Structure formats: structure tokens, C-alpha cells
Amino acid sequence: MKGVLATDKRGVRELGAEELVGWDEVTHGVVLNSFDLEVENPAFSRPEERPYSDFNSYTATVASWRVIKPVYNRDICIDCQNCWVWCPDTSIISRDKQMLGIDYDHCKGCGVCVEVCPTNPKSLLMFGEAEDPEAALAQWPEKKKKAKK
Amino acid sequence: MAEKMELQEVEVWDGNYAAAQALRQAQVDVVAAYPITPSTPIVETYGAFVANGYIDGEYVMVESEHAAMSGCVGAAAAGGRVATATSSQGFALMVEVLYQASGMRLPIVLTVVNRALASPLNVRGDHGDMYLGRDSGWIQLDAFNAQEAYDLTLMAFKIGEDINVRLPVMVHQDGFVTSHTAQNIHPLSDDEAYAFIGDYKPVEEMLDFSKPVTYGAQTEEDWHYEHKAKQHRALMDSTVVIDRVFEAFEKKTGRRYNRLETYMMEDAEVAVLALGSTVETSIVAAKQLREEEGLKVGVIAPRCFRPFPFEELREVLAGVKCVAALDRSCPMGAMGTLYNETCGALATIPAEQRPLVTNFIYGLGGRDFSVEEAKRIMREQKGHADVGHITTHIQQFSGLRGPKLGFFESKRS
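Chains A and B are the protein sequences, given in the same order. According to my numbering, the first sequence is numbered sequentially starting from 1. According to my numbering, the second sequence is numbered sequentially starting from 150.
Simulated from the structure, these hints should not be mistaken for laboratory data. All values derive from a computational prediction rather than experimental measurement. In this text, a Cβ means the ideal position worked out from N, Cα and C, and glycines have one as well. A few of these clues could be false.
[Stated by the list, open to error] To give an idea of the chain A side of the interface with chain B (calculated C-beta under 10 angstroms), a few residues: (1) G29; (2) S34; (3) E38; (4) Q98; (5) L100.
[Said to hold, decoys possible] With beta-carbon atoms standing in for the labels, derived distance ranges: (6) S213/B with Q98/A: 45 to 51 angstroms; (7) V116/A with D205/B: 45 to 51 angstroms; (8) E212/B with N120/A: 43 to 49 angstroms; (9) A483/B with L20/A: 34 to 40 angstroms; (10) A43/A with G202/B: 32 to 38 angstroms.
[Unchecked claim] Calculated from the model, a selection of chain A residues having no Cβ within reach of chain B, i.e. all distances over 10 angstroms: (11) K9; (12) A43; (13) R74; (14) D79; (15) I93; (16) V112; (17) V116; (18) Q139.
With the hints as constraints, model all of the structure from the sequences given.
Below, the structure written as C-alpha cells:
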């Protein structure tokens, strides 16, 4: 989902790829600034609009940590926001209560989103990291019938 | 607004009460505290000040000293003036967070009433806790009496909060001998004291929402070393600000402080180097020896234990014939800290100018250190000076029952 806006700095570098500087240039008290500039009321702006600094994890990608990934199926999703609420890495991208997809720069493949998805079949499923998303969608399971009582 | 307290020109306060009054006058924003003997009356008194309307700040009772210092770190990172008090085991429990506070450059003030470390459990004064803090990255100031505990606690805020320092500061005083002994104190008025310290100026505070910051970041081999080096540099350079604050305080009160205090050292042939209430005992002993026996004895005392006044010590010791470093903490497998620092300072001057250096371990767990024992040690140093070498073990135990205990001897050829 990189580039929700053209200025989006999400995942523009590998984690740990910051420029190394000497002791005289490191920050005071190991303080890391989130933004390069001051932002009035950052809580009322969207992440892609904020001037994140190179020391904020937003600009780093940890995609390489993942071995399995969630794939999202828009056709089944009911936009309940369960996955958005539960994701431990704020990697579900949702706007105006509508699910847009997954932030693969920060998703670590934990599978919580799949676990909490209430639809039948699920709107999110885990696949191998190398799996092509189109191929994954093509093999989506059918709706399960309720067992007869 | 907090009520002001009317103080007499001379008050009768013990060291604990003096420290609590200084904290009140500093109008600390947050005190997170857990009581422990012998520093309990500091936070107890402070709590009473809060309850009686003399303090606007928050007073947070927590479940341990680790939590107390953690609360202080959080409040300081949020952007407030912060302080607490502790001793001994409580200090030991704080240690993990002491390193966090200094690494984050949070100017917290910790009043430490020195007490022995268990085991065996002991509530009396020695310097085991003070020495435990010596590598923690805090400035450590040492008060030898209650007046100094008051003065240094006020100055600790001004030193630590200086924009060029931004480091936490400990103010030490001896358990019971200083903390529980009432003495005449000349306090500043509330207005004078607060004006001397000034308003707190937050730096990179977490409650500035327009500029969010992360405190307590993880850094591995790529960043950690540079941050520690920068912190060490700040601690070393803090001497400039400490001297400046000492000068400003002298202008205000007439009371002079130095990072290395010296007494009768102008013509001293032998000297003792000590910390805490032992300094005053040693001064009495030295004066008596000068009057009664004509011995030229002086006393040296680091007011500032960290950063250690190496250059000043080297200067004052050049020309002295023998110096005894008195350590009120058992070094457990090494020489005492004051001995080590003294030798470190002296190693940088020509051998013929170096005094002989001996080390006494004394006063552990509150064992009394008497004027007579101080005089005995001073006479013994004079003996070493006269023959030109150390005739005893270099490290000895003073005031210990049982057979003489000593370690390490001079190698003379």
C-alpha cells in the first residue's frame, strides 16, 4: 500500500540502514524524534501525511522478517474493522471504516488478523511469503455450510 | 498555589529535614517515593508538606524503589522537575533504573542517605550504596553535615538541569550521623531558594504532542557506544557548570563549596582523604595533632565524588609525603575506590613528587570512627613519611576486632 499519498515515507529504508554518525552528533539522551518538523495535532492527521523522521519505525521496512503473509480478499470482507483493531503492528490500512489492505512493510506475518476475521470464508488467509496474491485469491476456499443439528 | 513557609534565620534541622526542605523549596513537580531507613524522614516530611498545602507537585507512593525511580524517569521524560530519596537496599533496587535515567539525560535529583548494604542486614551508615552508584552516570555530591545536605540539594537542581549538563544528580549524606543529627541550619527563604534554582526548562519532553519523541530506544553495537561516550563527555564537562553553581551559591550565601575540599593542606606533610561525616572527624583530629604534636596534617575530601576531581587532587597532593585514602565501603577483592582514584591521579606526575599512598577500610555498618583513631592513622602516615616507605600493609582495616587484617605490601627493590 506504499504511496497512499505521493509523500508517503512508509518503509522507504531497511531497518538499521540509518546513516551512522559520530558520538558528537548522536541525539541527546538517545531521544528519537518521530517527525522532522513540528506537527500541530498529529493525532488528527493520517500517517502518510506526517513528516516522519528516519528514526521512526514508520519509514523502516521489516518485510524481510516475515515467512508467511496475510492475503486480503476484498470480495468477502464486510469492513467490520476487527483486523484493524487487533493487528499488533498497525499494519491493516483502513480509511473511513473501509479496509484498503495490508501494510507489508510492517506486517510480520503473525496471523492475528486471520484469526479474528469473522466472515465465512475468511477475508484474510495466510499464504507463503513467495505466493503470488492473484494465485492466492484463485485458490480461496468456498463458504462452509453449517453443520446440521 | 503552594503555601509559603516562613523560616527563621537559623533553624534546627537534621540532615533529612534539611533535604526535605530543599525539595519543597525547589517546588518539584513529581516525587515518586518508597521509604527506607535512614532516608524515610525525607519523603515522610515531604509527604506532610504536600498534605499541608506547601507543594503544588504530585507525590506518588509506589510499591518499590525500582518503581520509585521508574516513576521518576517517566515523569522527568514527560517534562517535569523530579526528585526522590533512598538508602542502601532501596538504592540497590534502583540501580537498574539509575542507568536508564542517566542514559536518557534526565536531571532527576536523588537524595541518598548512605547506609550499609546487606548481608548482614544493617541500617547504619557506610558508603556501600554511594560506591554502588559510582559508575551509574550520575553526578554524585557529598554532604558532610546537615547544612551541606540542604545547600547541595538546592544546588543539585541547578547543576543537573543546566542545559549543558542535563544529568541526574545524587546528594549523599551519612545515615544517622548526618541524617538524624539536628544542627543549626541557615536556610534561604522560599523565594530566594526558588529564584536561585529557577524555573524548570523541559528538554525533548514527551508531553509536547506536536513533537513526539521516543525515550528508551534500543541501540545495539552500531549506536550504543557513541551514546555512552557522549554521556561520559557530558559528565566530565559538568565540572564547569558545577564550579559556576558553587560560585553563584557563594555569592548568595557566603558559603563556599569546591569539587575537592581541602583543609589545612597549605603546608601539610601528611594527609587523609575521606568522604562524609568522617571529614569533620578528621579535621578535628588534624587540628589537635597540629596543636598538640606539631604534626603538619591536612584533610582532603571530594565534594564531588563523580565526576571525580582528578586534576585538583593531583595538584593538592604534589609535595605531600604520605596520604591515607579512607574508604567506608568494603572493596571486596580490590583496593578501596578512593585509593584507586588517588593512585590514578598521582600516576600522571613525576615519581619523586608522588606521596606514599595507603588505604584504610573503616566504619563499615556504622562502626564509629573516632578522633583518636583518625589521629592514630595520621601519626602512622607521618611514620611512613619519615622513613620514606610504607611500613605496614598498604590496605589495612581500621577499628576491626580480632587479629590485624591487611593486604598488599610495597615492593621496594
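Taking the hints in turn, this is what the structure says about them:
Proximity of G29/A to chain B holds as hinted, the smallest CB-CB distance being about 3 angstroms (cut-off 10 angstroms). At a threshold of 10 angstroms, the smallest CB-CB gap from S34/A to chain B is about 4 angstroms, leaving the interface hint in force. Using the Cβ-Cβ criterion of 10 angstroms, the hint placing E38/A at the interface with chain B is satisfied: the shortest such distance is roughly 5 angstroms. Below 10 angstroms, beta-carbon pairs count as interface contacts, and Q98/A has none with chain B, the closest being about 27 angstroms; its hint is therefore violated.
Hint on L100/A is violated. Least Cβ distance to chain B is approximately 24 angstroms, over the 10 angstroms limit. A beta carbon spacing of about 48 angstroms between S213/B and Q98/A agrees with the range 45 to 51 angstroms that was offered as a hint. Between V116/A and D205/B the CB atoms are about 46 angstroms apart, so this pair conforms to the stated range of 45 to 51 angstroms. Checked against the hint of 43 to 49 angstroms, the C-beta distance between E212/B and N120/A comes to roughly 47 angstroms, which is consistent with it.
About 37 angstroms separates the C-beta atoms of A483/B and L20/A, a value consistent with the hinted range of 34 to 40 angstroms. A hinted range of 32 to 38 angstroms for the beta carbons of A43/A and G202/B is consistent with their spacing of about 36 angstroms. Once the 10 angstroms rule is applied to beta carbons, K9/A is consistent with being away from chain B; the minimum gap is 15 angstroms. Under the 10 angstroms C-beta cut-off, the non-interface status given to A43/A relative to chain B is violated; the minimum distance is some 7 angstroms.
No beta-carbon of chain B is positioned within 10 angstroms of the beta-carbon of R74/A; the least distance is around 33 angstroms. Listed as outside the interface, D79/A is consistent with that label: its C-beta sits roughly 29 angstroms from the nearest C-beta of chain B, beyond the 10 angstroms cut-off. I93/A, annotated as away from the interface, keeps every beta carbon of chain B farther than 10 angstroms; the closest lies near 21 angstroms. V112/A, annotated as away from the interface, keeps every beta carbon of chain B farther than 10 angstroms; the closest lies near 23 angstroms.
Once the 10 angstroms rule is applied to beta carbons, V116/A is consistent with being away from chain B; the minimum gap is 28 angstroms. Chain B leaves Q139/A outside its interface by the beta-carbon criterion, the shortest separation being 40 angstroms against a cut-off of 10 angstroms.
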